Amino acid sequence: MLEKGFSNPTDRVIRLKNTILRAQPYVESERAVLATQAYRENEQRPAIMRRAKVVEKIFNELPVTIRPDELIVGAVTINPRSTEICPEFSFDWVEKEFETMATRIADPFVIEKKTAQELHEAFKYWPGKTTSELAASYMSPETHDAMNSGVFTVGNYFFGGIGHVCVDYGKILKVGFSGVIDEVNLALANLDRTKPDYIKKEQFYHAVIISYQAAIKFAHRYADEAERLAQIEANPHRKGELEQIAQNCRRVPEHGATNFWEACQSFWFVQSMLQIESSGHSISPGRFDQYMYPYLAADIDIDPTFAQELVDCCWIKLNDINKTRDEVSAQAFAGYAVFQNLIVGGQTEDGLDATNALTYMCMEATAHVRLPQPSFSIRVWQGSPDEFLFRACELVRLGLGVPAMYNDEVIIPALQNRGVSLHDARDYCIIGCVEPQAPHRTDGWHDAAFFNVAKVLEITLHGGRVGNKQLGPVTAEMTQFTDIEAFFTAFKTQMTYFVHKLVEACNSVDIAHGERCPLPFLSAMVDDCIGRGKSLQEGGAIYNFTGPQAFGIADSGDSVYAMQKQVFEDKKLTMAELKEALDANFDFTLEHVEPVNKMSLTEQEINAVVKRIMADNGELTPAAVKEEVYRQLSQANAPEPHSMSRHEEIRHFLENSPCFGNDIDAVDYVARRCALVYCQEVEKYTNPRGGRFQAGIYPVSANVLFGKDVAALPDGRLAKQPLADGVSPRQGKDILGPTAAANSVAKLDHFIASNGTLYNQKFLPAALAGENGLRHFSGLVRSYFDKKGMHVQFNVIDRELLLDAQQHPEEHQDLVVRVAGYSAQFIVLAKEVQDDIISRTEQTF
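Here this note's numbering is used: the first residue of the sequence shown is 1, the next is one more, and so on.
Possibly wrong hints are sitting among the right ones.
[Claimed, not checked] Here are the computed distance ranges between Cβ atoms for each label pair:
1. G383 to M614: 31 to 41 Å
2. G383 to Q231: 51 to 61 Å
3. K96 to Q480: 43 to 53 Å
4. D386 to Q231: 44 to 54 Å
5. D386 to I14: 25 to 35 Å
6. D386 to L801: 26 to 36 Å
7. P622 to E649: 25 to 35 Å
8. L422 to E387: 51 to 61 Å
9. K217 to N8: 55 to 65 Å
10. L801 to G770: 56 to 66 Å
11. S421 to A576: 12 to 22 Å
12. L352 to G5: 55 to 65 Å
[Unchecked claim] Here are the simulated lysine-lysine pairs, PhoX-like style, with alpha carbons at most 25 Å apart:
13. K113 to K124
14. K124 to K96
15. K720 to K831
16. K17 to K4
17. K124 to K171
18. K124 to K114
19. K217 to K492
20. K171 to K217
Quick caveat, the hints were computed from the structure, so don't treat them as lab data.
Computed from a predicted structure; not experimentally measured.
Even glycine gets a Cβ: it sits at the ideal position worked out from N, Cα and C.
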């Protein structure tokens with residue numbers, strides 16, 4: 001029997017989880033006030049030394065908080081699941097939202113009046129001094145116009161810290177912060193004082209030493225607090241725990257860990273301190289089961305239940321991290337997302353299977369905690385044990401949207417193609433949503449921008465205009481396209497222009513971070529910053545990339561194919577008629593029309609339709625059969641006929657064109673071509689850190705937000721509706737079953753999209769029930785990966801439960817769903833994001 005089930009969490013874990021679930025997120029002011037004071041006190045110092053002094057002051061004075069029941073300690077904020085502000089990146093948006101942040105539609109935070117006043121006073125120092133202001137000054141007016149028109153946004157790093165990195169946790173577990181200081185002192189002693197870069201390197205090394213000495217003191221402050229609490233603790237058991245916590249914090253992370261509890265504590269100090277330094281999100285733990293396992297294996301006296309509880313506590317602590325963004329960005333990252341991606345499985349640097357006992361304990365912890373963090377992922381390759389994949393599929397069936405699954409057979413060669421060595425590529429982890437990188441050797445700048453391919457398509461159809469404004473270069477008018485190649489000629493011209501503006505914006509932000517906010521604490525844990533004597537922001541990493549991601553691929557592919565088929569092949573309408581219909585939004589006047597969820601069919605039902613069609617006409621090619629199946633099923637699910645206007649009739653033709661997601665080559669390769677136009681243009685460029693740009697295709701939840709900027713499209717999509725998410729088919733259009741949908745997605749070139757691709761599937765729970773359901777499910781994953789898909793993740797939940805959670809959120813506090821490259825509590829999502837998840841096709845076998 002394959003199915004094993006998961007054990008129950010301990011009472012402690014349940015209590016800690018409930019603290020997170022019930023927490024009201026607050027904005028706190030302590031870090032902003034301390035950082036501002038440090039900047040004022042060190043204005044004459046170089047940027048790297050100012051940053052060291054900022055870190056020193058924060059680590060020395062930030063309030064120390066140990067919460068009830070904790071075995072792993074260290075907090076970024078006083079209140080659970082709350083956030084600090086980093087004004088050195090940006091601040092004015094926070095002040096503008098003092099009165100509204102608690103009531104906004106996405107990710108509200110409470111800002112108390114005292115906090116607002118303290119922040120207001122701190123913010124008086126910052127005009128003209130932030131990274132965002134410097135970055136904006138580097139951008140041309142045309143680049144600002146493109147961002148303001150919804151073509152792309154660089155808001156992620158424009159307003160906040162970078163993050164998107166995996167540091168060398170294993171190194172700290174082994175030698176501790178004192179070992180880093182020793183390494184830097186040796187590099188400092190060996191500096192060649194005759195070289196012109198001596199001065200900058202010396203400053204960097206001193207900044208690292210100051211930062212790490214302060215970090216050690218920060219941990220010791222927790223030891224002091226644990227000792228204080230132990231002295232007043234009446235419960236003997238808890239008193240003993242606090243005394244041991246104090247001993248742990250005296251040893252780690254200053255020195256190397258000697259047992260598994262110390263290793264867990266050291267891991268958490270590193271994770272939380274990185275957040276304190278810059279509040280960059282997507283600081284990802286990476287291959288937790290690889291660097292932590294030696295300490296578990298060597299701790300022969302540890303009780304297995306207690307070891308599991310420690311892992312569970314690390315999972316709880318990852319949910320204590322939170323981040324606030326401006327109102328628009330909050331909608332793009334809806335669900336309090338911080339993207340701490342933790343991945344298990346895969347292979348070793350030597351190409352052997354990496355699965356171990358801790359791999360399965362991580363799955364158990366995810367089942368116990370059932371919270372959005374970590375963004376739990378697995379690596380799959382041809383040598384992955386069946387037990388490993390079956391266990392992961394069992395975890396998927398719990399309906400948490402995890403684990404996300406990644407294909408070694410695509411990602412390793414994709415990284416090698418970008419210059420990563422085979423040894424380092426085999427050791428890859430996932431950062432944030434879906435972005436692969438060689439851990440602790442890479443500054444990937446993943447998630448550098450959102451790029452709206454569907455918006456570029458819309459601009460192309462209007463000769464480079466948005467409304468009456470000539471935003472891009474002048475190209476042919478829509479009515480002048482005589483075939484689909486004429487469209488692609490114009491599309492490439494517009495893509496070339498807007499990707500150039502995207503690169504200008506990304507590089508402007510990149511330069512600003514390097515000049516104003518180098519991060520010495522983070523840099524010393526990424527190779528080879530110490531060897532090169534450079535911060536990460538100045539190009540100290542071995543591998544340097546910039547990774548903007550696209551969305552709207554399926555919308556673009558379906559739109560181009562619909563034009564090709566309905567206008568140029570079947571001649572059911574002219575380009576002039578299509579233009580008129582698009583300009584009129586197909587006669588729909590509502591701002592938003594709820595998407596219709598297409599009927600869900602089993603593969604057996606679909607096969608019955610195939611057999612009937614082939615019996616009627618045995619001469620049809622397989623591709624023609626699929627098109628006919630799609631046509632019949634689409635018509636069967638069409639709304640009741642009524643008197644349609646010509647524009648509505650045109651929309652009917654367009655909507656019933658074959659769509660991406662049904663294993664129809666003619667459509668799928670058009671979508672592939674649209675994606676390649678973007679990816680091939682992106683990879684032409686370099687960044688200020690000496691690395692290259694690489695494209696990704698994933699949306700976070702920006703497909704909903706930026707869909708509002710896109711007018712009606714030739715696939716029948718109405719203006720302002722959500723776009724397709726990632727490389728997934730459009731909602732409700734993948735009607736030929738999960739295998740056909742996966743086959744379509746696999747036809748995209750995932751190798752060139754080396755910054756990551758994101759594929760969501762949604763299953764009815766009944767489809768995966770029992771041993772047969774598990775076998776079908778794992779077989780689908782293996783098949784998709786055999787056909788060179790890069791990534792897939794699943795929601796296993798039915799529509800009725802989601803609708804009930806919308807109506808009765810108080811009854812569904814622990815309902816976690818997959819949004820995009822992350823999971824979130826369903827009830828905290830904005831309604832429009834909830835609706836987008838509800839509208840996804842419910843697959844079944």
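Now the hints, each set against the structure:
no.	hint	verdict
1	G383 to M614: 31 to 41 Å	holds, 39 Å
2	G383 to Q231: 51 to 61 Å	holds, 53 Å
3	K96 to Q480: 43 to 53 Å	holds, 44 Å
4	D386 to Q231: 44 to 54 Å	holds, 53 Å
5	D386 to I14: 25 to 35 Å	holds, 32 Å
6	D386 to L801: 26 to 36 Å	holds, 30 Å
7	P622 to E649: 25 to 35 Å	holds, 30 Å
8	L422 to E387: 51 to 61 Å	violated, 27 Å
9	K217 to N8: 55 to 65 Å	violated, 39 Å
10	L801 to G770: 56 to 66 Å	violated, 20 Å
11	S421 to A576: 12 to 22 Å	violated, 55 Å
12	L352 to G5: 55 to 65 Å	violated, 29 Å
13	K113 to K124	holds, 17 Å
14	K124 to K96	holds, 14 Å
15	K720 to K831	holds, 15 Å
16	K17 to K4	holds, 24 Å
17	K124 to K171	violated, 40 Å
18	K124 to K114	holds, 16 Å
19	K217 to K492	violated, 55 Å
20	K171 to K217	holds, 19 Å
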